[in-house]
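Asker: Residue-level listing of the chains:
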Amino acid sequence: MVSTADPWPLVGREEELHLLNATITGTGGYGGIVIAGAAGVGKSRLAREAITGVRPGRWIPRWARATASARMLPLGAFAEWATDTPRDPLLVVRGVIDHLTTASNGAKVVVGVDDAHLLDDKSAFVVLQLAQRRLAPIVVTVRTGEPAPDAITALWKDEHLQRIELQPLSEDETTELVTAVLGGRLATSAARRLWSLTRGNTLYLRHLLEQELASERLSRNHGIWEWTGQPTISGGLADLISTQIGALPDDVGTVVDALAAAEPLTEQMLVELTTPDAVQAAHSAGLITIEADNEHPVRLAHPMYGEARRAKTTPMRLRRLRGHIATALASAPDAGPRDLIRRAVLTLESNLTPDPTLLTNAALAASSSLDPDLAERLAHAAIAGGAGHEAKVLRALTLGALGRGDETEDLLAQLTIEDLTDDQVLDVAALRGANLVMLNRVEEAESVLLAALDAAQRALQSPHLTNVGEQCALTSLIVALGDLGKADQIAPIAARAYDLAAHSSLVSSHRVSLCDYHTRALRLAGYVSEADAVATQMLHAVADAPGWLHVTSELLMGQAALASGRLKQARNRLELSPAPKALVWAGVAWSCALIQARAMSGDPAAAARNLGYLDSACSTGFAYLTPEYHATRAWVAASGGALTHAIELAHQGAEHAAEHHQYAQEVVCLHTATRFGDTATAHRLRELADQVDGPRAPAAAQHATALAAGDPDGILDASGQFEDMGDPLSAMDAAAHAATTHRHHGHNGSALTAAARAQRLADACDGARTPALAEALQPSPLTGRQREIITLAAQGLSNKQIADRLTVSVRTVEGHLYRASLKTGLAGRNDLGATITGEQTSARGQQLE
Amino acid sequence: MTTPLTPREQALRRLPQPYSLALRLRDAGVDDDQVCTYLDIDAHALPPLLELADAKLTAALRTTHPDTEPREQP
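Top line first, the protein sequences correspond to chains A and B. Residue 652 in our numbering sits at position 652 of the first sequence; the count goes up by one each step and never skips. Take the position in the second sequence, starting the count at 1, then add 849; the result is the number in our numbering.
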């Protein structure tokens, strides 16, 4: 259980501590240091840590804390060191200084003074004396912007002490701190949101974390802390912030409220919404910042100020305020797309009547800003308000981008019965075609892929094709050609599609899904390095785009890392990003990649964890990824040692792919079975190698053919081909098969060499562990079937259960176990299992019967 | 598609804004007085702020990889 009540570790302050230590020990040339900073930034904690951490034993820390109440008393902050008989005030000060600076056993004293801006004059004089006469190094904290006694400002004005402006934690430091406090890794999106809301202010961070933990919106899921839902500002935090920003006059409060509703606003607009004096007062109080740009954009000085005010404002007042701002934005000249979107969103959430034209235009702008969630919401509202064909097409497009294929199809089917122009008919047809490819609805045509290919090629020849129709046709082509095994034809089509997405607002949000189809086609063909480069480029291209695009670009990179054998990176990227479940295609792809990465890392328990979600996602009719779904299940079975079942699952994927003309996916499924030791794939893979573009199919055919023939040199040749194409995991499995085959031939030297190659490749893949590798590295007198039965027995399955799973008789299972026992001299099921898993067993193994 | 950001630029974007702004202004050759005005800090605080900013940037560069995505501009 997490307790945030304990003192938090000091994280992200190494550089500051280094500077403080140098100053205290005299190497900095000053008599001490003033740490200035905003409330909650961590000044006091840093100062305490600095004075207590300077060579304990040789340095004695003395800590004084100024408060508003102690200020009423002369020397209030140093009462602990004051003498009782204050006959001569100067003697009292001297007495305090003497007591403060005297230490026994030759130790030196370092003095810390917290919140020195609150010191009474006499206490401030003591501090100045310490600094002027260099009686002891001092570390003083002051709050930036607060008036302080002259003696305190003289500390840095007269250069007795160095002054640093302590800044909040950076994004990395904030994540590191929260990770240390929670005792576990934080999902990327959660880390980013925590930082963007608190901006590294540890006081706000602490309150927010306590609040979100208590509400269970921040919770641990399989070891990763995820943050779901919208954070609410607790009464305690709102009060804290209110105290910090002080009691605001109504007009100043309205300035903060207006920015809380819509930030940034130009200085001119804010003045019109409130008054010049109120804006000036808010600026003087440090509540807002005004930038020096052309229109002087005004923002809140801290995001939490807005959150705190929102928490205490009535919804009706907020709606009214949004209405005022939307009206003001409407009258602003030359409003760009950003203001257009803001105006539409504010209108929707205000007391104004929405204008369908405004909403349609804003939906278009949101789509071109790569925010399909918002675009869909605005288009939906526009249609509800009476908008026409353009809004409907836009909504269909954004629904498609979000992976909501069934809703897209319903909307498009409804559109076809409306009175459409020729251009509109083409658009709708192209949209439906692209959507049906993703849904892979076999009932719509004998071969969806071939029909889509034909329709797309015809559509692209039409002179009336709009951007929407063109993009849909190009997407259909990329998917169809990739699956049909015609990846060599894709490059010019993809270039045209990216170019179109970059220049057309309507289709720009499709570029990430486009990149997914494109890179998938490249990987299936075996152009792994090229796919990696394309995914990286897309990651950078959408870096500043909002919301789900970050998650899906992480997905693209996770897939690319998996294909290239960077298992650790693949797991990190995918585990730290939440499953993009709102996007069905992305959710399925995410689960497949993560599960495979875990299975190939030799972690069957973790691999099996997301199977439930994958099963339900794949049953929703998004069938384009069905072969990969079967292959993923095969990997889970294989990592658990059930190779026969794994091979069956891989063949199910291959059969589905063959039925739907997804030849490139069929290659991968059949090669997956080959990697599990199946020798029955060679014939079909050789056929596919003649018709599927790219280096993967020939390499897979070579692997399968040589494995079936017991030809280790042929297998090693395939291993080299896989390594050359940038797929070290397949290369590793092939090398492992070569080692095992050499060993069966009694060529132990060659076996060792091939096993070393497999091990090298496994190391390069962050310690990959597959069944082929395990067999190659663990020479065993057992046959593959005996190894499989032992593995299942060690997992606790009875002989009957094993027999059922492998479709053999119980007697056969008993026979295999008996012969395995004779070969190894081991009798217990667990002891036999340990020969494969390498795990320690209890002293007395469970008997075979 | 855009050109990938340099590791330095990526690291700068992950620092608190006063540090990244101070380093950018210094790199652009802006006078110390003007930097202090922009940052709204006392002139005495500028040298240690730049010293800390440099140290923070060095630390951020250690955790910046070429394939790390750029983040929101602070």
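No wet-lab data here; the hints were simulated from the structure. Predicted model, so just to flag it, every value in this text is computed and none were measured. For glycine and all other residues, C-beta sits at the position ideal for the given N, C-alpha and C. Hints are not guaranteed to be accurate.
[To be verified] Partial list, derived from the structure: chain A residues whose beta carbon lies under 10 Å from chain B: (1) Glu16; (2) Lys157; (3) Leu169; (4) Glu171; (5) Glu173; (6) Gly815; (7) Tyr818; (8) Arg819.
[Stated by the list, open to error] Some but not every residue of chain A turned toward chain B, in silico, with C-beta under 8 Å: (9) Glu15; (10) Ala36; (11) Asp373; (12) Arg377; (13) His380; (14) Asp422.
Asker: Hint by hint, note whether the structure agrees.
Answerer: We went through each hint and held it up to the structure:
Interface hint at Glu16(A): satisfied, since its Cβ lies 6 Å from the closest Cβ of chain B, which is below the 10 Å cut-off. Given the 10 Å rule on beta carbons, the hint for Lys157(A) holds: about 7 Å separates it from the nearest Cβ of chain B. A cut of 10 Å between beta carbons decides the hint on Leu169(A): the least distance to chain B is about 7 Å, and the hint holds. Taking 10 Å as the C-beta contact cut-off toward chain B, the hint placing Glu171(A) at the interface holds, the least distance being around 5 Å.
Of the supplied interface hints, the one on Glu173(A) holds, with its beta-carbon coming within about 9 Å of a beta-carbon of chain B, less than 10 Å. Restraint check, Gly815(A) versus chain B: the minimum CB separation of about 53 Å is more than 10 Å; hint violated. Among the interface hints, the one on Tyr818(A) is violated; its C-beta lies about 53 Å from the nearest C-beta in chain B, farther than the 10 Å criterion. The closest approach between the C-beta of Arg819(A) and any C-beta of chain B is roughly 50 Å, which is over the 10 Å cut-off, so the hint fails.
The closest approach between the C-beta of Glu15(A) and any C-beta of chain B is roughly 4 Å, which is under the 8 Å cut-off, so the hint is satisfied. Interface restraint check for Ala36(A): the shortest CB-CB distance to chain B comes to about 7 Å, inside 8 Å, so the restraint holds. A least Cβ separation of about 18 Å between Asp373(A) and chain B goes past the 8 Å threshold, and the interface hint is therefore violated. Look at Arg377(A): its Cβ only gets to about 22 Å from chain B, farther than 8 Å, so that hint breaks.
For His380(A), the shortest C-beta to C-beta distance to chain B is roughly 28 Å, which exceeds 8 Å, and the interface hint is violated. With a cut of 8 Å, the hint placing Asp422(A) at the interface with chain B is violated, because the nearest CB-to-CB distance is about 34 Å.
Hints 6, 7, 8, 11, 12, 13, 14 from the earlier list are contradicted by this structure; the remaining hints agree with it.
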